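2 protein chains.
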Amino acid sequence: MSKRAVVLLSGGLDSATVLAIANHQKYTCHALSFHYGQRHDGEIVCAQKVAKHLGAASHVVTTIDLSAWGGSALTADIDVPKDGCSDGIPVTYVPARNTIFLSHALGYAEAIGALNIFIGVNAVDYSGYPDCRREFIESFEKTANLATKVGVEGSRIRIHTPLIDMTKIEIIKSGLGLGVDYSMTQSCYDPQNGMPCKQCDACRIRDAAFAEIE
Amino acid sequence: MSKRAVVLLSGGLDSATVLAIANHQKYTCHALSFHYGQRHDGEIVCAQKVAKHLGAASHVVTTIDLSAWGGSALTADIDVPKDGCSDGIPVTYVPARNTIFLSHALGYAEAIGALNIFIGVNAVDYSGYPDCRREFIESFEKTANLATKVGVEGSRIRIHTPLIDMTKIEIIKSGLGLGVDYSMTQSCYDPQNGMPCKQCDACRIRDAAFAEIE
Numbered sequence: 001m002s003k004r005a006v007v008l009l010s011g012g013l014d015s016a017t018v019l020a021i022a023n024h025q026k027y028t029c030h031a032l033s034f035h036y037g038q039r040h041d042g043e044i045v046c047a048q049k050v051a052k053h054l055g056a057a058s059h060v061v062t063t064i065d066l067s068a069w070g071g072s073a074l075t076a077d078i079d080v081p082k083d084g085c086s087d088g089i090p091v092t093y094v095p096a097r098n099t100i101f102l103s104h105a106l107g108y109a110e111a112i113g114a115l116n117i118f119i120g121v122n123a124v125d126y127s128g129y130p131d132c133r134r135e136f137i138e139s140f141e142k143t144a145n146l147a148t149k150v151g152v153e154g155s156r157i158r159i160h161t162p163l164i165d166m167t168k169i170e171i172i173k174s175g176l177g178l179g180v181d182y183s184m185t186q187s188c189y190d191p192q193n194g195m196p197c198k199q200c201d202a203c204r205i206r207d208a209a210f211a212e213i214e
Numbered sequence: 001m002s003k004r005a006v007v008l009l010s011g012g013l014d015s016a017t018v019l020a021i022a023n024h025q026k027y028t029c030h031a032l033s034f035h036y037g038q039r040h041d042g043e044i045v046c047a048q049k050v051a052k053h054l055g056a057a058s059h060v061v062t063t064i065d066l067s068a069w070g071g072s073a074l075t076a077d078i079d080v081p082k083d084g085c086s087d088g089i090p091v092t093y094v095p096a097r098n099t100i101f102l103s104h105a106l107g108y109a110e111a112i113g114a115l116n117i118f119i120g121v122n123a124v125d126y127s128g129y130p131d132c133r134r135e136f137i138e139s140f141e142k143t144a145n146l147a148t149k150v151g152v153e154g155s156r157i158r159i160h161t162p163l164i165d166m167t168k169i170e171i172i173k174s175g176l177g178l179g180v181d182y183s184m185t186q187s188c189y190d191p192q193n194g195m196p197c198k199q200c201d202a203c204r205i206r207d208a209a210f211a212e213i214e
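Protein chains in written order, with this note's numbering: chain A, 1 to 214; chain B, 1 to 214.
Please keep in mind that the hints were generated in silico from the structure rather than gathered at the bench.
None of the values given here were measured: they were computed from a predicted structure.
None of the hints are false.
Given that identical chains are not distinguished, each listed pair holds provided it fits within a single copy or across any two copies.
SDA-like cross-link-like pairs, simulated, lysine to any residue; straight-line CA separation at most 25 Å:
(1) K149 to I78
(2) K26 to L178
(3) K149 to P90
(4) K149 to H35
(5) K149 to V91
(6) K149 to E135
(7) K149 to D83
(8) K142 to R156
(9) K142 to H160
(10) K142 to G154
(11) K82 to A209
(12) K149 to A73
(13) K142 to L115
(14) K149 to I89
(15) K173 to A209
My request is simple: use the sequences and hints to build the entire structure.
Here is the structure:
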């Protein structure tokens with residue numbers, strides 16, 4: 001069985017931890033990042049640093065344009081909320097983003113003969129995003145095996161979600177144990193001059209977790 | 001219920017027919033096409049003509065780069081077969097292409113409040129492509145409804161495949177009845193100076209169907 005894997009790498013805390021975990025599980029990791037029309041491209045620079053730091057076998061950065069239709073505070077002219085986490089699906093939800101990312105990862109995986117895809121979804125701290133839930137991932141995995149030559153011919157593509165049931169604190173502790181340098185990562189939805197805003201949901205969750213660990 | 005629809009439009013015969021059918025079913029049609037790193041971009045020009053001719057409400061052409069990893073005769077330096085249709089999955093299969101196209105259509109649909117996506121897959125003449133089969137489409141539809149805010153909140157996204165059980169002849173007759181001008185469409189996998197090669201699978205199937213109709 002091939003031990004190649006495609007690892008979705010955003011430049012944030014979660015996906016850096018996933019790359020470290022996939023490495024630790026002896027996968028040869030091919031990282032994949034997206035310019036997708038997000039507000040800030042600084043996260044791609046972070047992804048490049050993380051891929052190098054953690055020794056990814058390769059790193060493809062590809063461009064798609066989700067701002068062509070918008071529909072999210074991350075891809076359109078909608079303010080990022082800064083008054084604390086709220087109930088329901090936040091406006092930072094990007095329509096079908098994880099489906100789009102996973103489908104590209106699937107094409108890449110099939111083209112290089114990889115049967116494994118890693119994604120840093122997490123249902124604990126971001127329960128508002130429908131495409132971070134286990135039901136979605138399991139359904140995508142089934143679809144992936146029906147969609148592809150490799151799936152139809154009898155191999156099985158797997159979507160790995162090592163963080164899905166972890167708290168943010170558990171994620172960070174796991175990554176620190178595997179040598180992740182979190183100073184290279186960026187979580188903020190709306191950085192100002194490259195610095196985290198410290199007010200959006202992503203900053204709040206990240207900062208609260210680090211404060212508890214220290 | 002919203003009657004907006006996103007229609008995947010390639011510039012080929014099948015998707016032009018699908019757009020005509022969706023129009024006929026009274027959907028307001030938002031066409032979506034891709035520069036995806038294919039050998040020939042002439043099909044985008046065809047898609048633009050067809051969208052205008054059939055009165056699409058809008059037409060987004062977006063760019064993705066499936067040639068970043070290749071794996072197909074359509075996106076990499078692999079010869080397009082010209083010695084007749086053969087058994088099995090042909091080398092013109094592009095890894096996960098329909099999953100990638102549908103996932104973009106899903107994001108677009110959700111962003112504009114459309115619950116309907118049309119795609120011109122056809123299981124009769126192209127049975128070699130795994131992502132043209134009903135099992136795949138049904139699985140993608142389930143995934144779509146788990147992936148999105150609109151699906152989780154109780155609406156139902158539908159993937160429409162009006163051509164799936166039709167022969168090429170039936171498709172063409174249907175389109176002619178709805179006023180499709182097939183001279184605007186292009187099916188060839190490997191056009192030479194903008195002209196169809198007349199030898200690839202797509203040309204052979206198209207030409208045989210038109211010959212039988214005339």
